[in-house]
Amino acid sequence: DAGVIQSPRHEVTEMGQEVTLRCKPISGHNSLFWYRQTMMRGLELLIYFNNNVPIDDSGMPEDRFSAKMPNASFSTLKIQPSEPRDSAVYFCASSPDRAGQETQYFGPGTRLLVL
Amino acid sequence: AQTVTQSQPEMSVQEAETVTLSCTYDTSENNYYLFWYKQPPSRQMILVIRQEAYKQQNATENRFSVNFQKAAKSFSLKISDSQLGDTAMYFCAFIPNFGNEKLTFGTGTRLTIIP
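Residue numbers (our numbering), protein chains in the order written: chain U, 21 to 135; chain X, 1379 to 1493.
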């Protein structure tokens, strides 16, 4: 299995631009999670989906952030407009079970820098 | 709300030595899962070991083992015969075994293996 796939691996953009992060979960996994990691706040769960349906988006910082999962094999996290404080590593993870009681498998992350 | 505490921000040991990373958690739940994740400089989050709270037997994975003390709410990770490749951040994580609950991470322990 290829594992969780994220793209791009690195993104550098200017403040105000739209950023789209992409994730392909492990085939057969029912749950998908988006995390953000910063030095100041550590690992934060932004949103998670189960069977393509958003279950908990309480971690999404503000309206500039949106996430979609149009099918079982693809999800996007969009930031529009981006701000310097959005600079972080964004991880996608997937799990075979609801709410991730089974192990969550992480992708390699997208390192985002907003100038 | 659940909390996970890792009281050792940084540790270092000589190669081939044994090291123990501590983790405590606070919960009122009886059934839950505990994890240790490793994050090397590549930033990839890698599962090290998983423990189910209802199992009294401590989980082991090759050189990695845990000391799970449910009454004390303690979940330490022991790395035997440490290797240079073990240098990484180590995160302890907790999730209850029901409902739409999030995986709660500790703040991490930075482990350096000295040649």
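Be aware that one or more of the hints could be misleading.
As the list claims (entries may be wrong) - Computed footprint of chain U on chain X; a stretch qualifies when at least three of its residues, placed anywhere within it, have a C-beta under 8 Å from a C-beta of chain U:
1) 1409-1422
2) 1440-1452
Stated by the list, open to error - Subject to a maximum C-alpha distance of 20 Å in a straight line, what follows is the list of computed SDA-like cross-link-like pairs (lysine to any residue):
3) X:LYS1433 <-> U:LYS44
4) U:LYS98 <-> X:LYS1433
5) X:LYS1433 <-> U:GLU122
6) U:LYS44 <-> X:PHE1446
Stated by the list, open to error - Simulated restraints, written as ranges between beta carbons of each label pair:
7) U:MET35 <-> X:GLU1393: 27 to 35 Å
8) X:ASN1436 <-> U:SER86: 22 to 30 Å
9) U:HIS30 <-> X:ASP1404: 18 to 26 Å
Honestly, the hints are just simulated from the structure, not real lab data.
Don't be surprised by glycine CBs; every beta carbon is placed ideally from N, CA and C.
Each hint, compared with the structure:
1. 1409-1422: That given contact holds, which follows from 6 residues of the stretch 1409-1422 of chain X lying within Cβ reach (below 8 Å) of chain U.
2. 1440-1452: Coverage by chain U is violated here, the residue count being 0 at a Cβ distance below 8 Å.
3. X:LYS1433 <-> U:LYS44: 33 Å, violated
4. U:LYS98 <-> X:LYS1433: This hinted pair is violated, its Cα atoms lying about 41 Å apart.
5. X:LYS1433 <-> U:GLU122: Satisfied, since the Cα-Cα distance of roughly 15 Å is no more than 20 Å.
6. U:LYS44 <-> X:PHE1446: 34 Å, violated
7. U:MET35 <-> X:GLU1393: 27 to 35 Å: Violated - the Cβ-Cβ distance for MET35 of chain U and GLU1393 of chain X, about 45 Å, lies outside 27 to 35 Å.
8. X:ASN1436 <-> U:SER86: 22 to 30 Å: 42 Å, violated
9. U:HIS30 <-> X:ASP1404: 18 to 26 Å: The hinted range 18 to 26 Å is violated for HIS30 of chain U and ASP1404 of chain X, with Cβ atoms some 37 Å apart.
Of the hints listed earlier, those the structure fails to meet are numbers 2, 3, 4, 6, 7, 8, 9, in rising order.
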